Amino acid sequence: MPNDGDLMLSSESGTAILRAQEASGWLLSELTSRGRISFRLACQRLTAWEGLLVQHVLGRSDFEVVTDPSASVDLVAVTRSALFSVSFWKPGELPKSSDEPLAWLRVPPEVLELAEEEARSVEARETAELHQVDTLLREWEAKGEIGSRLDRLADWVERVETVYIFVGREVFSKSDAGSNTLTREGRLSDLRLRPVDSWSAADRLFVVLAHCLFSSGRSVRFEEFNGRQLSATRLRQYFLDRHANYFAAVGRPPRDLHGIGLLELAEEVRALQEEVDRHSPLMRYRRINGLTFVKNEYLADFPQPRDPHGLPELVARHGREQLGVEPTGRARDDLRALAVAAVLLDARTGEDAEVPAGAGHRAGHGAVGELLAAIVLSAVCSTDSDYGMSSAVRDLTRLRGARPGGADGVLELGKRDFVCCCLPHPTRMADVGDDTSSVLWRAAQRMMYNRWHFAPGEFDRADIPETRHYFFPPQIPDIAEHAEHHHGGHAASRVRFTIRAPGAQVWHPPFTVYGHGFRGCYDIRLVRMEGPAYTLRELREAVRHCSLVDELWRTLADGVQHGSLPVRPLGGFDRDWYASRGWERLGGYPLAAGALSLPG
Numbered sequence: 001m002p003n004d005g006d007l008m009l010s011s012e013s014g015t016a017i018l019r020a021q022e023a024s025g026w027l028l029s030e031l032t033s034r035g036r037i038s039f040r041l042a043c044q045r046l047t048a049w050e051g052l053l054v055q056h057v058l059g060r061s062d063f064e065v066v067t068d069p070s071a072s073v074d075l076v077a078v079t080r081s082a083l084f085s086v087s088f089w090k091p092g093e094l095p096k097s098s099d100e101p102l103a104w105l106r107v108p109p110e111v112l113e114l115a116e117e118e119a120r121s122v123e124a125r126e127t128a129e130l131h132q133v134d135t136l137l138r139e140w141e142a143k144g145e146i147g148s149r150l151d152r153l154a155d156w157v158e159r160v161e162t163v164y165i166f167v168g169r170e171v172f173s174k175s176d177a178g179s180n181t182l183t184r185e186g187r188l189s190d191l192r193l194r195p196v197d198s199w200s201a202a203d204r205l206f207v208v209l210a211h212c213l214f215s216s217g218r219s220v221r222f223e224e225f226n227g228r229q230l231s232a233t234r235l236r237q238y239f240l241d242r243h244a245n246y247f248a249a250v251g252r253p254p255r256d257l258h259g260i261g262l263l264e265l266a267e268e269v270r271a272l273q274e275e276v277d278r279h280s281p282l283m284r285y286r287r288i289n290g291l292t293f294v295k296n297e298y299l300a301d302f303p304q305p306r307d308p309h310g311l312p313e314l315v316a317r318h319g320r321e322q323l324g325v326e327p328t329g330r331a332r333d334d335l336r337a338l339a340v341a342a343v344l345l346d347a348r349t350g351e352d353a354e355v356p357a358g359a360g361h362r363a364g365h366g367a368v369g370e371l372l373a374a375i376v377l378s379a380v381c382s383t384d385s386d387y388g389m390s391s392a393v394r395d396l397t398r399l400r401g402a403r404p405g406g407a408d409g410v411l412e413l414g415k416r417d418f419v420c421c422c423l424p425h426p427t428r429m430a431d432v433g434d435d436t437s438s439v440l441w442r443a444a445q446r447m448m449y450n451r452w453h454f455a456p457g458e459f460d461r462a463d464i465p466e467t468r469h470y471f472f473p474p475q476i477p478d479i480a481e482h483a484e485h486h487h488g489g490h491a492a493s494r495v496r497f498t499i500r501a502p503g504a505q506v507w508h509p510p511f512t513v514y515g516h517g518f519r520g521c522y523d524i525r526l527v528r529m530e531g532p533a534y535t536l537r538e539l540r541e542a543v544r545h546c547s548l549v550d551e552l553w554r555t556l557a558d559g560v561q562h563g564s565l566p567v568r569p570l571g572g573f574d575r576d577w578y579a580s581r582g583w584e585r586l587g588g589y590p591l592a593a594g595a596l597s598l599p600g
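When we follow this note's numbering, the leftmost residue of the sequence shown carries the number 1, and every step to the right adds one.
Don't read these hints as lab results, they were simulated from the structure. Please note that the accuracy of each hint is not assured.
Using C-beta positions, here's what the derived DEER-type ranges look like [stated by the list, open to error]:
1) D155 <-> V73: 46 to 54 Å
2) K143 <-> A201: 19 to 27 Å
3) Q132 <-> R330: 46 to 54 Å
4) D431 <-> D241: 37 to 45 Å
5) E275 <-> G563: 34 to 42 Å
6) S72 <-> G147: 50 to 58 Å
7) R320 <-> D151: 55 to 63 Å
A quick note: this is a predicted structure, and the numbers were derived from the prediction, not measured. Beta carbons: idealized from backbone N, C-alpha and C, even for Gly.
Please build the complete structure, drawing on both the sequences and the hints.
Given below as structure tokens:
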């Protein structure tokens, strides 16, 4: 029921009533989860009729919210459920028994009529579009492809963390945090047992549109419709928007797409996407809402090469004072020189050598680990983050397969073969106190697990055993908010606002080692435990710092493969390192603390 602690309710005949602005305010608050998701996204979760009704009633002075359905007839029931959040039910339509009643709307009859008429128009357009969906599905059936396509679809949904898509009032999901109708509850496998003509309209729609989404950019495209209604009409408009934006991004006028099929349109979008990544001054990135699982792609003005103009001051000072390398102002060249110096210093020192006073780079994590930490710490400080991290494989030689480009080396790796350098801001986590070590170690473990999960994602499906679960690795940067919802690991590490900048970046060649190219195999990740949310300024900073991480790992890979550098596995950053507050032994911390204390 509406919370009369939040809103003042008038009363008539014992019935609580909200009128005019109070009614609109209550409705808007419920739809947006009290402002944690946008109104636009909230409407995209609704069916056509629900969305039209909301748009017509908000702001009117002649609709009311009532709490007693017996007080009137022709009321619109408003409910909440774990799957759909807020739902609206036509007068006389019975809500699901599992839904929690919130209130009822008393809406002028002419508004109900208008919403019904406009919904009918939307449904007519959708019916016309569905003819193409059914035609394509029957072509697959005639070729005997339905079973194999369902198998592939079931495999695709396992390659992303969450699928949570609405088709009308049905949920197509694969989520550890909610329902799993697609695989665990057997929705896809059940379709194999029945002819296409017996499938529901929602099933036919989802199977075809999921194939179109995958063709446009692998199964990560499913996440664009998480927490949203998926329809053939909406998918076509989505592809048309992507197509137009991509053509504009590469400076070409879009071509006429009238009459083009959905699958062909999806394939054009995929081809254009790769051209945008390589040649556009605009960078693709995603915004993620943790409440709804939705991950929407946008384009940011960020001309290439997207590297720092020079080494960040903290990294440059680390190079001068710890490695004896004077930066020249060319960021990638300088980082390569620092990486070579760090490798050679580690080779001279050796793990068993006596550690001189003040030589923090030799305390477990080594000089290479110290350099990586300087980059991470610079990213944390330049973005005012509470903490940040970078993860990768500990030992590059473990990626070597029995044959060049083979997957067997990667498939033999365990979670402990990966490493995460997770560091706190020098001052912002003071209130966390003794819990800092556990917060950082939990985050580091999660990232090591994720890295193990991503590692096989760039190999052909046939090269990966059926029993080896994996995700497609992230390829483009993202900004997330409310990340702690539905995610126990994020809640435990107090993750609310995040940035992720993966490498190898899509505007560069893949990170190639032992004959295989990788994406999403290292990164920069940043966390704020409280607001404000991150902006594009901080995202650009993260991307620039990821360019330095990229150059570090490429330098190490070249040295390992050609035998030109005595590269050792990356040490430190394990349970004992975090428990002993190893970050306090990093040479970069006094530099960072000193820089923060300077006026201005």
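Tested hints:
Under the hint 46 to 54 Å, the C-beta atoms of D155 and V73, about 50 Å apart, fit the expected range. Between K143 and A201, the C-beta spacing of about 22 Å keeps the proposed range 19 to 27 Å intact. Judged by the Cβ atoms, the range 46 to 54 Å given for Q132 and R330 holds: they are separated by roughly 53 Å. For D431 paired with D241, a C-beta distance near 44 Å keeps the hint of 37 to 45 Å intact.
The given range of 34 to 42 Å is respected by E275 and G563, whose C-beta atoms sit roughly 37 Å from each other. Checked against the given bound of 50 to 58 Å, the beta carbons of S72 and G147, roughly 52 Å apart, stay inside it. R320 and D151 have their C-beta atoms about 57 Å apart, which keeps the hinted 55 to 63 Å range intact.
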